[in-house]
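Visitor: Single-letter residue listing:
Number of protein chains: 4
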Amino acid sequence: MSARPPFIPLVDVQMEQPGIALPINRAGIKGIKMPLLVQDRQEGSQATIADVDLAVDLPASLKGTHMSRLVEALDNFDEVLTHTSLRRLLGNIRLNLLASCAFARFSFPFLVRKAAPATGKPGRVACACVIEGKLDEHGQTLVLRTATPVMTVCPCSMAISSVGAHSQRATVSLEMGIDGLFWIEEFIEISEVSASSAVYSLLKREDEKMVTEKAFSNPMFVEDVARNVSARLLEHPRVLWFSAEVESLESIHGHNAFARIEHDKTKRN
Amino acid sequence: MSARPPFIPLVDVQMEQPGIALPINRAGIKGIKMPLLVQDRQEGSQATIADVDLAVDLPASLKGTHMSRLVEALDNFDEVLTHTSLRRLLGNIRLNLLASCAFARFSFPFLVRKAAPATGKPGRVACACVIEGKLDEHGQTLVLRTATPVMTVCPCSMAISSVGAHSQRATVSLEMGIDGLFWIEEFIEISEVSASSAVYSLLKREDEKMVTEKAFSNPMFVEDVARNVSARLLEHPRVLWFSAEVESLESIHGHNAFARIEHDKTKRN
Amino acid sequence: MSARPPFIPLVDVQMEQPGIALPINRAGIKGIKMPLLVQDRQEGSQATIADVDLAVDLPASLKGTHMSRLVEALDNFDEVLTHTSLRRLLGNIRLNLLASCAFARFSFPFLVRKAAPATGKPGRVACACVIEGKLDEHGQTLVLRTATPVMTVCPCSMAISSVGAHSQRATVSLEMGIDGLFWIEEFIEISEVSASSAVYSLLKREDEKMVTEKAFSNPMFVEDVARNVSARLLEHPRVLWFSAEVESLESIHGHNAFARIEHDKTKRN
Amino acid sequence: MSARPPFIPLVDVQMEQPGIALPINRAGIKGIKMPLLVQDRQEGSQATIADVDLAVDLPASLKGTHMSRLVEALDNFDEVLTHTSLRRLLGNIRLNLLASCAFARFSFPFLVRKAAPATGKPGRVACACVIEGKLDEHGQTLVLRTATPVMTVCPCSMAISSVGAHSQRATVSLEMGIDGLFWIEEFIEISEVSASSAVYSLLKREDEKMVTEKAFSNPMFVEDVARNVSARLLEHPRVLWFSAEVESLESIHGHNAFARIEHDKTKRN
Chain R
1016 MSARPPFIPL VDVQMEQPGI ALPINRAGIK GIKMPLLVQD RQEGSQATIA
1066 DVDLAVDLPA SLKGTHMSRL VEALDNFDEV LTHTSLRRLL GNIRLNLLAS
1116 CAFARFSFPF LVRKAAPATG KPGRVACACV IEGKLDEHGQ TLVLRTATPV
1166 MTVCPCSMAI SSVGAHSQRA TVSLEMGIDG LFWIEEFIEI SEVSASSAVY
1216 SLLKREDEKM VTEKAFSNPM FVEDVARNVS ARLLEHPRVL WFSAEVESLE
1266 SIHGHNAFAR IEHDKTKRN
Chain P
1016 MSARPPFIPL VDVQMEQPGI ALPINRAGIK GIKMPLLVQD RQEGSQATIA
1066 DVDLAVDLPA SLKGTHMSRL VEALDNFDEV LTHTSLRRLL GNIRLNLLAS
1116 CAFARFSFPF LVRKAAPATG KPGRVACACV IEGKLDEHGQ TLVLRTATPV
1166 MTVCPCSMAI SSVGAHSQRA TVSLEMGIDG LFWIEEFIEI SEVSASSAVY
1216 SLLKREDEKM VTEKAFSNPM FVEDVARNVS ARLLEHPRVL WFSAEVESLE
1266 SIHGHNAFAR IEHDKTKRN
Chain G
1016 MSARPPFIPL VDVQMEQPGI ALPINRAGIK GIKMPLLVQD RQEGSQATIA
1066 DVDLAVDLPA SLKGTHMSRL VEALDNFDEV LTHTSLRRLL GNIRLNLLAS
1116 CAFARFSFPF LVRKAAPATG KPGRVACACV IEGKLDEHGQ TLVLRTATPV
1166 MTVCPCSMAI SSVGAHSQRA TVSLEMGIDG LFWIEEFIEI SEVSASSAVY
1216 SLLKREDEKM VTEKAFSNPM FVEDVARNVS ARLLEHPRVL WFSAEVESLE
1266 SIHGHNAFAR IEHDKTKRN
Chain F
1016 MSARPPFIPL VDVQMEQPGI ALPINRAGIK GIKMPLLVQD RQEGSQATIA
1066 DVDLAVDLPA SLKGTHMSRL VEALDNFDEV LTHTSLRRLL GNIRLNLLAS
1116 CAFARFSFPF LVRKAAPATG KPGRVACACV IEGKLDEHGQ TLVLRTATPV
1166 MTVCPCSMAI SSVGAHSQRA TVSLEMGIDG LFWIEEFIEI SEVSASSAVY
1216 SLLKREDEKM VTEKAFSNPM FVEDVARNVS ARLLEHPRVL WFSAEVESLE
1266 SIHGHNAFAR IEHDKTKRN
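Chains as they are written, first to last, in this note's numbering: chain R, 1016 to 1284; chain P, 1016 to 1284; chain G, 1016 to 1284; chain F, 1016 to 1284.
Same shape as in the complex, but just chain R (with noise of 0.2 angstroms):
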């Protein structure tokens, strides 16, 4: 292809002078996809797919972030994604890129195994996850995204009809800082006890019946739901910070409705 051999160096203008002195927070990759090993409580580990972010910060003196070395981190990267496999894969980051902050986002489904009330049948619900790092010269911070699927029914609705209550299916968003070790279920639970009922794959008449019955002794507002997550936030122990909110796919509307808590425990109120 070219005649020029492979053995000259070729020039590294990554390394040049840029034009405007300005540090950059982040510069990376986007939107990689490569097989993940998560952390499952039931059986150890779960393989997913997931779609990959990862960056350094850039000083002003430096032209530009050597780009595929953030992609051999990542193809070297074997582990279960745990908080300390984490570090690690951050810490080569910023060895290799000597860079002073590392960054990783990894966003994957995770399916969660759950039984039916009534028969008690096997299924699979699948969550959107998101864990974030960063590594600088401070420490690792971690975030933890979830976005469980949960059935709210409408109380204003079952107060004012003389028959049913529409009900819909909504998404409990939960965005928070994680202090070490945690597992993606507990929050997927924080999130489906939090509502008028969980979702399922797999019901069978005996189970519909159930799932209905329950979600209609259990009314509640976006507002409802929020708050019941919240409330179990703020006392666990390992949630520095969150935001929780709960969009509804309101059945009566083209649509949604929603509510945001946002709470930080490590700032005085």
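Wrong hints could be hidden among the right ones.
Intra- or inter-copy, both count: the list cannot distinguish identical chains.
Stated by the list, open to error - Within a straight-line C-alpha distance of at most 27 angstroms, the following computed DSSO-like cross-link-like pairs (lysine-lysine) qualify:
| no. | residue 1 | residue 2 |
| --- | --- | --- |
| 1 | K1282 | K1149 |
| 2 | K1045 | K1149 |
| 3 | K1045 | K1129 |
| 4 | K1219 | K1149 |
| 5 | K1078 | K1229 |
| 6 | K1282 | K1045 |
| 7 | K1078 | K1136 |
| 8 | K1136 | K1282 |
| 9 | K1280 | K1078 |
| 10 | K1149 | K1280 |
| 11 | K1229 | K1282 |
| 12 | K1280 | K1129 |
| 13 | K1129 | K1229 |
| 14 | K1282 | K1219 |
If you're looking for bench data, these hints aren't it; they were derived computationally from the structure.
Once you've looked at the hints, dock chains P, G and F against the given chain R.
Guide: Below, chains P, G and F without anything else, positioned relative to chain R:
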């Protein structure tokens, strides 16, 4: 920028012989946005923003299409989008690109004004619409797609539960070959009256009560809605063929349910 | 539908005491579509279709927000969206929902008229814009987001290859706290002049030649574009704080490259 | 939850007569996620996460499908997805739902291992794949879709510009009727060799130089890529019919360019 004077003709690579002499069904542009006027039964026309695809066929003897002429044709199009203005646009494209077949697709949100059922308060609900036209030596064919949000109440859940029944938002997605004139609103209404209830943007308590009670007096599976819609489309004089798909965001599941009926009146069955 | 006469007051569940007395940061609606007029520097205003979120805060003592009043406030809003009309909308929401804080987000495509660089032929390029406003007892804060497509040519590829250099479409995504008046066009232009080249809808051959040559005379990493944009935003008198992210759809990779600079002028660094 | 004892049979609403006696082409579930093993030419199999649709037809005499049996069939499916295991799954669905036609669609990311062209360093590129099967009394039909990212360099821009040429990422989207066995990798390779260059995840400077130079020695319109791919699919013994669409994220435009060739070998032309 360039030393070459602008009046020296630049080579027209598109007109060259291709390496492989295969005819191309469609070559063109995708995802260009433009302001668009579409027909509105009540107001005459409605201003929206469309996402547009334009294409032509290409004979085996030509390397490429002159895509900039497609953009020009679109920039010159300032009429309300109708059966006849679309034919003019496609005719111009055939002419300017020396093509035997011209194709256009306009995707846009269509806003339907809707009074709340009890208070009569006004509101708007958005439906996703697509109008496709194809013009060749046999004339113009027209395809309309509408995606209308509706509400379904589950008849099974209602029959087996001691209280309530799960309900959810669903989408009625129609794809139809249309003969001549049509109103988008007709097909949105057909979609809405075929479900447990229409959805609304503005509902006061009296309205919410009425919508809930109406929906619970009309429990329907996605199969029921698909059949209701199809029975109406079978009788519609302008509909040549259709696919009617109903997909419900099941409130007890993390996944959706769907039913689809396809029918082609132009074929003997 | 219902035997209950409409003048008997229906219970207002929203006004009840919640089970858990936590204040809610935001409760409201998401994803309601409406026609919207936004400011256009050349034409005065531009008609678009917006996707709108509206919300208020909710004290610990109330179970739910009256979401229908948010829809009403929006239906009554028929002004060009400006700094001042947004304040009126938010003021009405605070009043009608008895809230201390009101929040609105309008997301819409903004179409920029742009002449081709050599032939001067007119065209339009769409930018995704978001205007957010928040009004509480401390006054109104305004956030503008613009996502502008641009072109980048890779300086590394150019330096090391015997011919050519890979180029690609990139998006400059700005998020900015704005003090008072602004033109969306200003920030789109800042984004475009900071990249290897702007993009266009209509380019004849003379134009394509000019764009290619201009872009290849301005090779830039995403880091370069982020710095160029940021240098301009640092000097902009209306910008209080910003995040400038550039993401390129790398043509040699299946993933993207990005760089982000954040700066808050209201804080001492 | 319910006073009704679980052994009293619950009414089976699905088995009732529908109000409108129309047969339904497809009724089932959409968007259920599951771990899936797919065939991998090098490793035997590859673990991925699939998004699954399952459906059956429904006669005019039955009100609804037993959708929970579709979920059960999927939960019991733990084989590598092949031509023959898919037939078993569809056969079970036909049997358990008493249907004459069963349909399944699996959508999943497929990761292709790829060595960098100069350094040979390993990497992975994700392709979006869909495998669809339909089983009725006439047997099984199989449809494969692959979406492969590639690179294109514009021949027009190269011919008319004094330096460079715009390049961009493009996607080669194939939809094919397949007769029997197939490797996904075959069609990804056909897509890649038909473009200006393949894309890679990991490219060191020597590799980037080689990719750039190779791509610039193979300038291609989307029309060229569509023809190249189609010529190969026309000769492929397992491909019964195909649609080959190439869409490029034009780096000089805000919109995309595309070309599509369709061919059905089972029909006389």
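Visitor: Run every hint past the structure and note whether it holds.
Guide: Hints and how they fare:
1. Taking CA atoms no more than 27 angstroms apart as the test, K1282 paired with K1149 passes in both settings, with 20 angstroms inside one copy and 23 angstroms between copies.
2. For a Cα distance limit of 27 angstroms, the shortest separation of K1045 from K1149 inside one copy, 15 angstroms, qualifies, whereas the shortest one across copies, 31 angstroms, does not.
3. For the identical chains of this complex, K1045 and K1129 are inter-copy neighbours only, at 19 angstroms across copies versus 33 angstroms inside a copy, given an alpha-carbon limit of 27 angstroms.
4. In this assembly of identical chains, the alpha carbons of K1219 and K1149 lie at most 27 angstroms apart only when taken from different copies (25 angstroms versus 45 angstroms within one copy).
5. Proximity of K1078 and K1229 under a CA criterion of 27 angstroms is satisfied inter-copy only: 21 angstroms between copies versus 60 angstroms inside one chain copy.
6. Proximity of K1282 to K1045 under the C-alpha cut-off of 27 angstroms is found in neither arrangement, the shortest distances being 32 angstroms within a copy and 29 angstroms between copies.
7. In this assembly of identical chains, K1078 and K1136 lie within 27 angstroms of each other by CA distance solely across copies; the values are 25 angstroms between and 58 angstroms within a copy.
8. Taking the shortest alpha-carbon separations for K1136 and K1282, neither the intra-copy value of 45 angstroms nor the inter-copy value of 45 angstroms comes in at or below 27 angstroms.
9. For the homomeric pair K1280 and K1078, the shortest alpha-carbon distance between copies (24 angstroms) is at most 27 angstroms, but the shortest distance inside one copy (39 angstroms) is not.
10. Taking identical chains as interchangeable, the C-alpha atoms of K1149 and K1280 lie at most 27 angstroms apart whether they share a chain (19 angstroms) or sit on different chains (24 angstroms).
11. In this homomeric assembly, K1229 and K1282 never come within 27 angstroms of each other (Cα to Cα): the closest approach is 38 angstroms inside a single copy and 49 angstroms across copies.
12. When the C-alpha separation of K1280 and K1129 is checked against a cutoff of 27 angstroms, the pair qualifies neither within a copy, at 32 angstroms, nor between copies, at 46 angstroms.
13. Taking the closest pair of Cα atoms, K1129 and K1229 come within 27 angstroms of each other only inside a single copy of the chain (17 angstroms); across copies the shortest separation is 34 angstroms, beyond that limit.
14. Taking the shortest Cα distances, K1282 and K1219 never come within 27 angstroms of each other, neither inside one copy (48 angstroms) nor across copies (40 angstroms).
Going down the numbered hints, you'll see the structure goes against 6, 8, 11, 12 and 14, while the others check out.
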